[in-house]
Amino acid sequence: MAAVPLPLSTVDLRPPPYALDALEPHMSKSTLDYHWGQHHRSYVNNLKKQIEGTELALSLEDIVKTTYNNGHYC
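Numbers 3 to 76, taken from the numbering used here, label the letters of the sequence shown in order.
Just to be clear, a hint being listed does not mean it is correct.
What the hints assert, rightly or not - Here are the simulated distance ranges between beta carbons:
{"id": "1", "residue 1": "64", "residue 2": "21", "range": "32 to 42 Å"}
{"id": "2", "residue 1": "17", "residue 2": "61", "range": "35 to 45 Å"}
{"id": "3", "residue 1": "31", "residue 2": "68", "range": "28 to 38 Å"}
{"id": "4", "residue 1": "29", "residue 2": "49", "range": "22 to 32 Å"}
These are calculated hints, taken from the structure and not from any lab test.
Heads up, the beta-carbon is just placed ideally off N, CA and C, and yes, glycines get one too.
Take these sequences, add in the hints, and give me the full structure.
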């Protein structure tokens, strides 16, 4: 039986639910842009690289299908 390729992860960095300048003057747009756009994006990209090709990249539906009754009825 041929190995089935695992799907790519759906982990992604979503934009914040507010404009990046909405917190001014307490936090500047450039601070939020750098923190969210650089730091968080790096964390998400590194996580995607770590889980790609592992069972952690499976969708919830695929996990249920492969574990239901020890995978005998898939």
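Hints and how they fare:
Under the hint 32 to 42 Å, the C-beta atoms of residue 64 and residue 21, about 37 Å apart, fit the expected range. At roughly 23 Å, the beta carbons of residue 17 and residue 61 sit outside the given window of 35 to 45 Å. For residue 31 and residue 68, the hinted distance range of 28 to 38 Å is not satisfied, since their beta carbons lie about 45 Å from each other. The hint said 22 to 32 Å for the Cβ distance between residue 29 and residue 49, and at roughly 25 Å that hint holds.
In summary, the numbered hints that this structure violates are 2, 3.
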